[in-house]
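Below are the chains, spelled out letter by letter.
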Amino acid sequence: MDIKEIKSIEHDVLVIGAGGAGLRAAIECSAQGMDTALICKSLLGKAHTVMAEGGMAAALRNVDKRDHWKIHFRDTMRGGKFMNAYRMAELHAKQAPDRVRELEEWGAVFDRTKDGLINQRNFGGHRYPRLAHVGDRTGLELIRTLQDHGIHQGFKTYMEYSVLDLLKDGEKIAGCVAMVRDTGQFVIFKAKAVIFATGGAGKAWKVTSNSWEYTGDGYAMAYEAGAELMDIEFTQFHPTGMVWPPSVAGILVTEGVRGEGGILKNSNGKRFMFDNIPERFAPETADTEEEGNNWLKGVDGARRPPELLTRDVVARAIMKEVKEGRGTPHGGAFLDIASRQGADYIKRKLPSMYHQFKVLAELDITTDPMEVGPTLHYFMGGIRVDPDSQMSKVPGLFACGECSAGMHGANRLGGNSLSDLIVFGRLAGIGASEYSKNLSNAPTIDNGQAEKIIRNATDILNRERGENPYLMHDELKDNMQMQVGIVRTEEELLAGIDKIEEIKKKFANVKAEGASQYNPGWHQALSMRNLLITSEAVAKAANLRKESRGGHTRLDYEGERDEWLNVNVVISKAGDGEMRVEKVKRKDPDPELKRIAQSKIEDLEKEIGLES
Amino acid sequence: MKRLFKLWRGDSTGGDFKEYETDVTEGMVVLDAIHKIQAEQANDLAVRWNCKAGKCGSCSVEINGVPKLACMTRMNEFQEDQTITVNPMKTFPVIRDLVTDVSWNYEQNKKIKPLKPRPRDADGEYRMMQEDVDRVQEFRKCIECYLCQDTCHVLRDQQQKDKFVGPRFMIRLASLEMHPLDTEDRIPEIRDEYGSGMCNITKCCTVVCPEHIQITDNGIIPLKERVVDRYYDPVLWLWRKITGNKN
Ligand SMILES: Cc1cc2nc3c(=O)[nH]c(=O)nc-3n(C[C@H](O)[C@H](O)[C@H](O)COP(=O)(O)OP(=O)(O)OC[C@H]3O[C@@H](n4cnc5c(N)ncnc54)[C@H](O)[C@@H]3O)c2cc1C
Ligand code: SF4
Ligand code: SF4
Ligand code: FES
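So the protein sequences, as listed, match chains G and Y. Residue 1286 is where the first sequence starts when you use my numbering, and the numbers rise one by one after that. Residue -18 is where the second sequence starts when you use my numbering, and the numbers rise one by one after that.
Read the hints as simulated data drawn from the structure, not as lab findings. Note that the structure is a prediction, hence the values are computed from the model and not measured. Please note that the accuracy of each hint is not assured.
[As the list claims (entries may be wrong)] Straight-line distance between alpha carbons at most 30 Å, and here's what the computed DSBU-like set of lysine-lysine pairs gives:
id	chain 1	residue 1	chain 2	residue 2
1	G	LYS1292	Y	LYS91
2	G	LYS1399	G	LYS1289
3	Y	LYS97	G	LYS1399
With these hints in hand, go ahead and build the complete structure from the sequences.
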């Protein structure tokens, strides 16, 4: 290989990832006058964001006037078990309404209230109806709106390009190397700044709602380039994934089903969530079925039913029912909307759920209950960034959306991701543009670095024989499912880490058959490195955090522990190439934000009432 | 149970069907079987997919001759002894195996003038009634699987891609033209550039749409009518222009 023959392309800013976060970031960079590239592994419009169902959270106050950014902020912090970066949760709650309205200007058509405004629905952990939505296909609306607007903003899109690794000039970002999936050829991208919007890593688990793209590429590339990963032990298991038939296990059943009144029952027909209300939420949760039903009817003063508690709570409760022998025939819980709403209403409000069960499970959700169970859904943790600029520890490397850390703390509220994408996508675009404008010298590319990345990739094809990448992936998924699952113990985590080491050795000798053009075996092999780094990070961080909080549950260390509230687990690559896992003390929060987060709801509502 | 598959293997220079046998278990869809073959027998078999739940429109192929999403086609739709034949969409150039080059569609979208919204109400809001957005929302369900483009004979057999944007983009145009906030005029292009006249209302596109969008009845026919109004009933058009009522 002669490196001079490799195609080289130059832009000011590279945005890697074309979901909601990446598209919004690219739109912003163009608006800031940057020569911008948008690079993604799939076709444009197919990123994970397209699958989002329930809605995006913003205190628009269209359905309930009592809503306010402070209440959204408080809900977010409580849902995140106070591990969130306060500043990020503040920015998010304040800016989300404007970002949602802006989408309307770009063509989004949300469901309407009777007055013709954007309608909002109830969701777990949100005090008021807050989720702007389009039936149960809100993600499609978001991505298509940004896509159709974005293609006229002047940035250049590179579809089906896999970015393999970052290039640096000294400490600073200089670009990246990508592989064109169609042809198998390599491209060197030169740039002043790179924004990662690469999403999560659910494909390390067997049961997940995530697509093939979620192999932790952003985490691993950032880690290799010297950035830090934070809070990566907080993995969200969504309580309601499909459990049957086996080939669709893990596919998401939107929380919107419960938002529209759906209830959870065990095999004895009991609404078990009433027995699983944590103390923190008891004052704001219904304690009888009657009160829950009144809430659904909109009776004033009725508190929300426990099915709408935060995801970590509901997921653990379902696990418990199954473990104690009260599960459904295929090992889940019953989710019943049929007895709660009329068939027409269900079809109108949850059309894709209706369709999904009809086709994939041959079940009519307007007449029969669904069977559901936990599925790995979302990474709260990720690349550690500055809350205002979204820049990582590596100068010129920015991150936003699911691949960044801080906003959601230990547990994300449903609907807070889509709004996160558009708020922090924009802020990352501003941050990267500012950085690029202020850079005195354009970085230069070190051909040696590029050559090494390309050689590592081609070795996988050129090797005479070696390990099958698909089987290796299966082994990793089984391991993460068994040892680094929804409930964790030291013994299992250590066994999981050992197994990861074993798979890493095999990976050193991975072999992809066939040629380089559109070769999924090769793509699978290339993503294995990223899956392995991410899995190791999750397992090691989970082993260090000796408490249970949000998406991280330790059977051997039950309950939240105050000493752990004050530290983040931060992961970085040490000089000797080993993974460094350390406790880092959190910054003291702004006192006013802390006060809001900890206020009693009545006090906060009174205060807001006086303000307006 | 063992089942027989014939999968098209090849690239832009040519190719052929290859036979594979694999075990099929309860609930499997065609995409699951293809993945199983890929993992066990043909590591480099190329197929596009993302969501595996009919939401992203990536996995479009032709299964026993019918344009379909591989992730939403259950194996039990076929007779137990039936061979399942899968080939790439015929309307678009093959990249490899079951994967086609659909970039032409992205070029068409770029030609379409985007939404030009009217000003906001005095309080900074946009007001639109649900009944006025229902039909636009129907078109916006489109997952860009391009199965309708694959089916439309104007693009498929007659290869008139330079004269007609195809059903997908006719409903994209309809979603803009019927958008309550839009103030742009696209009628001249709809006739001259996007080729509304090329469609002869065979409705084959509607039949294959996995989102059950009434592409022809609710999208293309109303657009054709607007073109007719503009060019053959200028008085009505002028009236609409004066009153500002596009719909
Ligand atoms: C089924 C489902 C339903 C959901 N419902 C909701 C909901 O109702 N509300 C809500 O708020 N959230 C929801 N979520 C979560 C939310 O959808 C995601 O967290 C969010 O869409 C992530 O967006 P993103 O922009 O960060 O990344 P994504 O949309 O995942 O995009 C990642 C992008 O990165 C690219 N990429 C990754 N690696 C590389 C690489 N190496 N080279 C090049 N490109 C790369 C990919 O191609 C892709 O374009 C849901 C998630 C799922 C799975
Ligand atoms: S109705 Fe028109 S667009 Fe649809 S398939 Fe027939 S000719 Fe093509
Ligand atoms: S209109 Fe239907 S068939 Fe055509 S691209 Fe959209 S979803 Fe697919
Ligand atoms: S894989 Fe998304 S529609 Fe089939």
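Fill in: Enumerated hints in conflict with the structure, sorted upward
Structure breaks hint 2 only.
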